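Asks: Sequence positions in the sequence shown follow UniProt numbering and run 1 to 211.
I should point out that these hints are in silico values taken from the structure, not numbers from a laboratory.
As the structure is a prediction and not an experimental result, all values here were calculated from the model.
In this text, a Cβ means the ideal position worked out from N, Cα and C, and glycines have one as well.
Hints should not be assumed to be uniformly reliable.
[Stated by the list, open to error] Ranges of calculated distance between the beta carbons of each label pair, as one might list FRET restraints:
| id | residue 1 | residue 2 | range |
| --- | --- | --- | --- |
| 1 | 60 | 132 | 48 to 58 Å |
| 2 | 17 | 191 | 44 to 54 Å |
| 3 | 4 | 191 | 30 to 40 Å |
| 4 | 20 | 198 | 32 to 42 Å |
| 5 | 7 | 58 | 55 to 65 Å |
| 6 | 20 | 63 | 43 to 53 Å |
| 7 | 131 | 47 | 17 to 27 Å |
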Amino acid sequence: MSSSLPDGLVSFGPDANCTLDLCPLEASMLGYQPNIPSTIVFISVFGLSMLLHTLQGTRKKTWGFMVSMISGCILEIVGHVGRIIIHNNPFDFIGFLLQIICITVAPVFFCSAIYVLLSQVINFIDPSISRFKPQLFYWIFIPCDIVSLILQAVGGALSSVGTDHAAVEVGENISLVGLIFQVVTLVVFAALFADYVVTAARSPSRGRLNK
1 MSSSLPDGLV
11 SFGPDANCTL
21 DLCPLEASML
31 GYQPNIPSTI
41 VFISVFGLSM
51 LLHTLQGTRK
61 KTWGFMVSMI
71 SGCILEIVGH
81 VGRIIIHNNP
91 FDFIGFLLQI
101 ICITVAPVFF
111 CSAIYVLLSQ
121 VINFIDPSIS
131 RFKPQLFYWI
141 FIPCDIVSLI
151 LQAVGGALSS
161 VGTDHAAVEV
171 GENISLVGLI
181 FQVVTLVVFA
191 ALFADYVVTA
201 ARSPSRGRLN
211 K
């Protein structure tokens with residue numbers, strides 16, 4: 001898109017010098033200005049969630065779950081701050097990076113929190129009826145999350161050093177592979193979780209499900 005701009009103006013990358021006064025909005029990477037009210041709502045929700053999980057995690061001493069949730073919330077907040085920056089200047093490269101990297105990576109930490117939680121639930125209800133040892137949910141799913149995180153980080157890094165839209169798309173595609181892998185992992189996890197819930201509901205331990 002930069003080729004259609006007046007000489008000396010760059011719409012994307014570390015050297016971007018476009019502003020809305022100089023370049024059309026369509027020349028920006030997103031092609032639109034993020035909505036401020038909805039962005040503020042998301043920041044508020046994740047900020048409140050972070051506070052609540054900090055209080056609950058400290059009180060219950062669920063450190064692994066708490067750290068995962070707080071990390072995800074912080075990344076979401078930073079990512080949405082990036083969207084506010086982009087609203088003010090759709091050509092701001094730092095704002096673009098904050099959005100695409102932080103909002104993309106944050107769900108990895110939320111998934112880790114879910115995996116930790118299931119392991120704790122199994123230990124609480126009845127480990128003997130689980131098809132797998134609770135520790136396996138750490139050893140299998142969290143490493144899968146790490147692989148997903150690495151792919152998304154590599155994609156984000158390539159996007160950050162790309163000097164044109166084509167180079168950025170390569171990074172985005174790698175990040176997309178990481179996201180797809182994360183979704184597949186989550187689907188497998190959900191199936192195992194549903195299997196355990198059904199088994200627990202039919203076992204003598206089902207009374208603990210209501211506690």
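Asks: Each hint should be assessed against the structure and marked as holding or not.
Replies: Hint check results:
In this structure the hint that residue 60 and residue 132 lie 48 to 58 Å apart at CB is violated, the actual value being about 24 Å. Here the CB-CB span from residue 17 to residue 191 is close to 50 Å, well matched to the stated 44 to 54 Å. At roughly 49 Å, the beta carbons of residue 4 and residue 191 sit outside the given window of 30 to 40 Å. The hint said 32 to 42 Å for the Cβ distance between residue 20 and residue 198, and at roughly 55 Å that hint is violated.
In this structure, residue 7 and residue 58 meet the distance hint of 55 to 65 Å, their C-beta atoms being roughly 57 Å apart. Between residue 20 and residue 63 the beta carbon distance is about 46 Å. The supplied range of 43 to 53 Å therefore holds. Take residue 131 and residue 47: their Cβ atoms lie about 38 Å apart, and the range 17 to 27 Å is violated.
In this structure, the hints that do not hold are numbers 1, 3, 4 and 7, in rising order.
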